[in-house]
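For the sequence shown, my numbering gives the first residue as 67, with consecutive numbering after it.
One should not assume that every hint holds.
[Said to hold, decoys possible] Pairs of lysine to aspartate or glutamate, DMTMM-like flavour, derived with a Cα cap of 25 Å:
id	residue 1	residue 2
1	K168	E228
2	K107	D189
3	K245	E222
[As the list claims (entries may be wrong)] Cβ pair distances, simulated, as ranges:
id	residue 1	residue 2	range
4	S210	Y149	23 to 31 Å
5	E198	K91	36 to 44 Å
6	D194	P123	28 to 36 Å
Because the hints were derived from the structure by calculation, they are not lab data. Since we're looking at a predicted model, the values are computed, not measured. Backbone N, C-alpha and C define an ideal beta-carbon position, used for all residues, glycine too.
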Amino acid sequence: MKRFFYLLICVLTLGSCSEYQKVLKSEDVAAKYKMAEELYKEGKLKKALRLFEQVVPQYRGKPQAERVMYYYADTYYQLEDFYLAGYQFERFTKSYPNSDKKEEASYKAAKSYYELSPRFSLDQTDTDKALEKLQLYINEYIESERLDEVNELVAELRNKKEKKAYEIAKQYHHRRNYKVAIATFDNYLVDYPGSSFREKVLYYKLESQYLLAIGSYQSLVKERLETANGYYKNYKKYYKEGEHLADAEEIAEDIKERLESFK
């Protein structure tokens, strides 16, 4: 009995595969589309995609094109081919601006670009594109039920960009290129005024200026120490109980002693 069922399953499977190959090689566009949609709904996405690739060009300009194009884009999306999913969903929204599926397609296009955003240490071109697409979605669908999720994605990507910019500035500090570090920290504060890394930036800016001062020619030390002292006061103004307060106060005490020697 077990052998019988095993043979039956094999026969059905081979029959199914044979039917798929037959449709794939046929010239019957309607049959291809019907099977592609069935396979899509069954979750057999790779097989569905091969058929959709053949069907899509044949349906352009026809009433069924909108439905075909949506399934085609969504097949890429579910297969996690986000480059092509984003591209195809954008084509869909431009081709069918009045479609009932436009909002969902816009969301999935933006989400595709979000998925392509790399870790913070790599080039952030795709992150910039994802932020642009997500913001366009927010602007267009201000009452969408997906809005909270999309805002969270935007916050995550912005934090990634902030972290990259912060790490670049900190690298100048660690390499003892203090002038460039200070300038980069200043630019960071302008570009990301509400950043979660703001305290660290203010502290490392102080430390960079302090280390620059004590390593300077004698004629420059006093002025640079006074500038560093101003950075300390600015840090403490905003972070009276900050993570780096103890280190900042230690620097401030040394600055005070060094300035006293000039008197």
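Against the structure, the hints come out as follows:
1. Restraint check for K168 and E228: the C-alpha separation of about 32 Å exceeds 25 Å, so the hint is violated.
2. In summary, the hint linking K107 to D189 is not supported, as the alpha carbons are separated by about 37 Å, beyond the 25 Å threshold.
3. Between the alpha carbons of K245 and E222 the distance comes to roughly 30 Å, so the proposed pair goes past 25 Å and is violated.
4. The hinted window of 23 to 31 Å between S210 and Y149 holds, with their beta carbons roughly 24 Å apart.
5. Between E198 and K91 the beta carbon distance is about 42 Å. The supplied range of 36 to 44 Å therefore holds.
6. At about 32 Å, the CB distance of D194 to P123 agrees with the hint of 28 to 36 Å.
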